[in-house]
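Top to bottom, those sequences are chains X and Z. So the first sequence is numbered by the working numbering: it starts at 29 and just counts up by one. So the second sequence is numbered by the working numbering: it starts at 29 and just counts up by one.
Certain hints may be false.
It does not matter which identical chain is meant; a pair holds if it fits inside one copy or across any two.
Quick list of in silico lysine-lysine cross-link-like pairs, DSS-like style, CA-CA up to 25 Å [as the list claims (entries may be wrong)]:
#, residue 1, residue 2
1, 181, 160
2, 47, 73
3, 89, 73
4, 160, 73
5, 141, 47
Simulated from the structure, these hints should not be mistaken for lab results.
Protein chains: 2
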Amino acid sequence: MKGTIVAQLTEEQRQLIEKIGIFHEQQGFPPATGRIMGLLFVSDKPGLSFEEILETLNISKSATSNALNMLLQMRVIEYTTFPGDRKRYFSVLLDNWHQEVINKMESILGFSKLLRQANELRGNVNPEMNEKVLERIEFMEFLSKEVPALMQKWLKERQK
Amino acid sequence: MKGTIVAQLTEEQRQLIEKIGIFHEQQGFPPATGRIMGLLFVSDKPGLSFEEILETLNISKSATSNALNMLLQMRVIEYTTFPGDRKRYFSVLLDNWHQEVINKMESILGFSKLLRQANELRGNVNPEMNEKVLERIEFMEFLSKEVPALMQKWLKERQK
DNA sequence: AATTTGGTTCTTAAAATTATGAACCAACGA
DNA sequence: TCGTTGGTTCATAATTTTAAGAACCAAATT
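All chains should be built: construct the whole structure from the sequences, respecting the hints.
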């Protein structure tokens, strides 16, 4: 069977998809990739097929393929399959945000290490700067310790 | 007086500048702009002039001008002037990271609002998804409340 | 008044990113 | 075994980003 599936989007859905897309672009995702995230968040289906994504967003096969593989590799989406159906049904990976938070904190910690190195390299020529940079470093270290802890606490609270 | 100022960089400095530059690129800064941040962090001078920046990084006048203005507008650098000297001396703005943290939290809160809208738009077709997305939303809201509070607490502690 | 300094702005080029369309391919079904 | 489905990959095009270089300009200096 051929042709269009296109469960056409309402204007409201379309706009929300764009906004979610833009947010993802700001986080460094390519536009089409961000839009796919938007679509997956907005869609009420449990999973969207390759074809559905491509048709509702009007993007090419290759763009769809590349974007989906990128999102899979980043572990922000997943897919389900069904016996006797070759299609994959993609959806947002909703169990992964803990790890995302932890990763973000690690990146911040990484930057704090660079700043520490900068402080050492500069020596004590400008003590005021050293002190201010150190404050920043220590706050970053503090954050990257406290935020995961906060998250664990929050999760414990919540699962009760 | 003409010609090169170039307080040449050591290999170690050069490498650290690149690393700090790459970190900034990952945050969405253009390469040259990220490198300027690197240089300003690594330099032991209290401020670097337009000319010094351009010469030590080997970038063009226009690139330097645009990058500096971008960084000024983003409020991540500042400059000092001295009477009888037309030059501006640029340095990292070290008193602004509180605001940066707050801004980041606001952006997260903004995204949580989009997800809330998505949840509403989807209705109750997929309650498990709604619940998981809601968990994420609530954690984001929690974070964007707690992190600034944590920061305030930390600052109070520290200024004693 | 002419020149130098400390930039800014404009035009253009180079490079990188993003997406297209066509060709391709393996698995499955008829 | 032939066509269809569900993609992937490749070559290329379009767009965007980034930087260069030259022209420009106002303020200060000679």
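A quick look at each hint next to the structure:
1. 181 - 160: Intra 31 Å, inter 18 Å, cutoff 25 Å: inter-copy only.
2. 47 - 73: Within one copy only: 20 Å inside, 43 Å across.
3. 89 - 73: within (21 Å within a copy, 53 Å between copies)
4. 160 - 73: This pair counts as between: shortest inter-copy Cα distance 15 Å, intra-copy 51 Å.
5. 141 - 47: Between copies only: 11 Å across, 34 Å inside.
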